[in-house]
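Residue numbers (my numbering), protein chains in the order written: chain F, 186 to 516; chain B, 215 to 509; chain G, 633 to 1035.
Hint data in this document are derived by calculation from the structure and do not stem from the laboratory. Glycine included, each C-beta is placed from N, C-alpha and C at the ideal position. Possibly wrong hints are sitting among the right ones.
Computed spacing ranges between beta-carbons, pair by pair [what the hints assert, rightly or not]: (1) Glu1027/G with Ile494/F: 52 to 58 angstroms; (2) Gly370/F with Ala310/B: 53 to 59 angstroms; (3) Ile199/F with Leu410/B: 48 to 54 angstroms; (4) Gln312/B with Gln508/F: 16 to 22 angstroms; (5) Ala366/F with Val705/G: 45 to 51 angstroms; (6) Glu383/B with His441/F: 42 to 48 angstroms; (7) His441/F with Glu768/G: 25 to 31 angstroms; (8) Ser398/B with Gln508/F: 30 to 36 angstroms; (9) Gln399/B with Ala204/F: 47 to 53 angstroms; (10) Leu287/B with Asp692/G: 37 to 43 angstroms; (11) Ile288/F with Asp692/G: 53 to 59 angstroms.
Read off the chains here:
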Amino acid sequence: MNQSANSTDIHKAIVREQAAQDRKKLILNGVLLLILLAAPFMIYPVFLMKILCFALFAVAFNLLFGFTGLLSFGHAAFLASGGYTTGYLLSNFSGLPTELGIIAGTLAATVLGLGFALLSIRRQGIYFAMVTLALAQLVFFFFVQSGFTGGEDGMHGIPRGELFGLINLEDNLNMYYFVLAVFIGCYLLVQRVVSSPYGQVLKAIKQNEPRAVSLGYNVDRYKVLAFVISAALAGLAGSMKSVVFQLASLNDAHWHMSGEVILMTLVGGMGTLLGPVVGATFVVNIEYHLSQGPLRDWVDPILGGIFVITVLAFRSGIVGEVQKFVRKNLG
Amino acid sequence: MSMIFGVPLAVLFGQLLIGIINGAFYALLSLGLAVIFGLLKIINFAHGAMYMLGAMVTVLMFDAMGINYWVALFGAPLVVGTFGVLIEYFLLRRIAGQDHIYSLLLTFGVALIIQGVLINWFGVSGLRYTMPDVFKGGVNLGFMFMPYYRAWVIVAALLVCFGTWFVIEKTKLGSYLRAGTEDSQLMQGFGINVPLLISVTYGFGVALAAFAGVLAAPIYSVTPVMGSSTLIVVFAVVVIGGMGSIGGAIITGILMGVIEGLTKTFYPPASSAVIFLVMVLVLMFRPSGLFGKEA
Amino acid sequence: MTMMKKLLTSAIASAMMAGGAQAAISNDTVKIGYLADMSGTYRDLAGPNGQKALEMAIADFGGNVNGKKIEVVSADDRNSPDTSSSTVRRWVENENVDMVAGMVASSVSIAVSKILEENDRLGIISGSAASSITNEHCTPNHIHYVYDTYPLANGTASAVVKEGGKTWYMLTADYAFGHSLESDVKNVVEANGGEIIGAVRHPFPTQDFSSFILQAQASGADVIGLANAGADTTNAITTASEFGVTQSGQTLAALLLFLTDVHALGAQTAQGIQLTTGWYWDMNDETREWSDRFMKETGVRPTMVHAGIYSSAMQYLNAVAATGSDDAQTVRKQMMDTPINDMFAKNGRIRVDGRMVHDMYLAEVKTPAESKNEWDLYKILRTIPAEEAYRPLSESKCKLVNN
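Using the sequences provided together with the hints, build the complete structure.
In structure tokens:
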């Protein structure tokens, strides 16, 4: 009797605290949204869009790496295939609405992702990383060989066009809010996926795959789906990027790009939602500012140093460390 | 002249031999990776950088101190190996017991640092290194001209590969190594200094890469970026052979050299991609690689 | 729309000039952005030393234009068109950069020229090889200064064929640059009565060329043409020398070889190779004098790209001084109207498509006996007149040329 009253009290307290936390989160998100909406008036919009595109790329990658425990070393293939497909369609079919071009790019990456997933999903750990790297190298080879990409010259002058035939995307502000909307949509989607029962199974797979199997889950199918979603979002990031910059190049398909997205995710905090966003912002900024400053010639070694320090000292990344700090000190 | 698929037989012989020579390089490089992964479970993404360092050190020792090729053959791996021991001691040791992936990321960062610093110091055009006089010239084999140096590459690489395989698989030292890395507490109990063993093993693995670098110095352009594209090819070789299989790495290395050589004859543009294609195919049918044990 | 705007601005500019009104230097500053590969595979041919060359030009000019100060900003292009376009966009849109110099990778040059066209600023490309930059990718906002693939193929191939190298075997880097070099060579060789009897396309980058050299030897061709660049070329040359290509009576023709590459190879390995260059440091007193100063700054001898960066910056500043304006079209027109006569080029001129045409030189790498020091590497065999060297406007696909 007493005990059950007690437990309902505890339950109520938990609910209250939950509500308070939710409120805090809501306020935090609201503030973030306001900042993002106001940002293009203070910071150069194309640069912000670059950050958003890479943030989306990293969020996509993290769904696989951080939440499912699969390290893909071939995600550049999806970024590039999205970008090239969208770029090719928008350049060659002038009447095509931009959103259709972007959807087509995303679809191309999705299909490619399914192919990658079917070939690689049964491999574990380092083998998985290596198979995805090998497949991405084959995709790179294809892009070098096929004429439509423009080889090392790249694909240039991709028209931004109009959104829904109404909104002129040549205007940087319009373009920015479009990219922001897509980004937020994808972010919420990933948040949804991660907190859904499906996401719980992914986490279970990450923690202990044999146990997930013994609980009767068809682990492979879960992993394939996670891979395909991740590839689709990475492709979407590539498509958006090609529209923003009006170009697509082999850099996006190179394995260094696959390494860079790992760096972004790791630095920001893998397995956290906000981590890849923070990481992408950090890495893009570092690269951009360093390449113009007095340390101009030393960007690569500095990025390497960040890799080393992160792995040695901050394995949970910026967001992970902040979370730890908050939990420890602020209850 | 008899032809095979439009290629004269003589040319084909030549290409096979060339394939074996390149395969010897792959074997040396993948052997080092396999030693490091097989014994230490470290995925050494700095291997390409270590190969490059071997070549750079060879050239620099000659330029600065007049140290000749024969001394460099031992000296450069020693220098690079020592550097490897330091990396193991100061960096890799701190993430022991973590997921393998972290060792990949850490060494990837180390490679970026090494490469970037050397680019700033020495540029990218390449450093000049003259071939030792003994190796100048070559012999006409009838189907091809065989430079003496390439013959030496096969001999040297295979000797080192076989020696390494023998030590690790067939001697007491090798058994300590394998046991020490599998059950370090037990070996500590027997009074063996396991941390030192680990450092030295990593140092030895990268010394193998550096040895390949010394062999490469007289025939390839020695630049700070020479290792970066080699790295992922060699990784593919190790994966095809079966991560950690010492013998597998050697045999696969030579095999891949030959396959790449044949591709260079029949469809050259694909020669950089063919190894990855083989890798995908092998892993589809033999998930642990050709010579790997089922995990 | 942008075309319209451009016409309008240039019309206004010329109206102002005609009216004798003082055209203005925006923000009272001439700002030059130097963009190049500072940390990757193209570092040595332009890179940080290119910025030194640019700064030398500014210092020699007196540090100011008509009393207005000259500023330089610089960035590493990371060989990435999107990093470069972010940088250049900010330069022109927020930082009032008037001219962008340097640029090596073709993807970077093309991407940057599009942004300059949108914003009507000027670019002077010194490092890139692709002839498409002033052909299908030409804009009214950039100038391609030092060289391109057309004279490289033209100069070397026609000279070698005339000397009796009738049959060719091509080693071509399998990307757009290699393909365009190869097809240019093919045209020249066939026009001069020679023949391409075989070609192999190798991946970029390739470390081991022995397989390809073997195939080239088996072909029995007189000449092995190297349509590649950088480490690929030096690796191919090293391997050719190791496999005794020249002893067996074949010659090597390298289509793109920079002084830094030859320096890395050394006279021993590279001797006898013929190549086309836009400039060489040891041609006359003028070039030597400048190169000595350059070497004092940097410790190395300049490539043709370094010299071109200096020369083009000088031309640019002269044009700004003459017109009193840093408006892109005004300056470009002035530069087109002024022949270039300096240590880099004699009677060079900038065509309507943005191509700077000037005499090119056929050079041969000296033997170790002839070479007096590590940088004493070329002897100039022949001058290729500007008119012969570059793609004639009649074949141009540039939108600014009325064909």
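Comparing the hints with the structure gives:
Distance hint for Glu1027/G and Ile494/F: a CB-CB separation of about 55 angstroms, consistent with the stated range 52 to 58 angstroms. For Gly370/F and Ala310/B, the Cβ-Cβ distance of about 42 angstroms falls outside the hinted range of 53 to 59 angstroms, so the restraint is violated. Distance hint check for Ile199/F and Leu410/B: the Cβ-Cβ separation is about 52 angstroms, which falls inside the suggested range of 48 to 54 angstroms. For Gln312/B and Gln508/F, the hinted distance range of 16 to 22 angstroms is satisfied, since their beta carbons lie about 19 angstroms from each other.
At roughly 34 angstroms, the beta carbons of Ala366/F and Val705/G sit outside the given window of 45 to 51 angstroms. Checked against the hint of 42 to 48 angstroms, the pair Glu383/B and His441/F fails, with Cβ atoms roughly 36 angstroms apart. The given range of 25 to 31 angstroms is respected by His441/F and Glu768/G, whose C-beta atoms sit roughly 29 angstroms from each other. The hinted range of 30 to 36 angstroms is satisfied by Ser398/B and Gln508/F, whose Cβ atoms lie roughly 33 angstroms apart.
About 50 angstroms separates the C-beta atoms of Gln399/B and Ala204/F, a value consistent with the hinted range of 47 to 53 angstroms. Checked against the hint of 37 to 43 angstroms, the pair Leu287/B and Asp692/G fails, with Cβ atoms roughly 50 angstroms apart. Ile288/F and Asp692/G have their C-beta atoms about 56 angstroms apart, which keeps the hinted 53 to 59 angstroms range intact.
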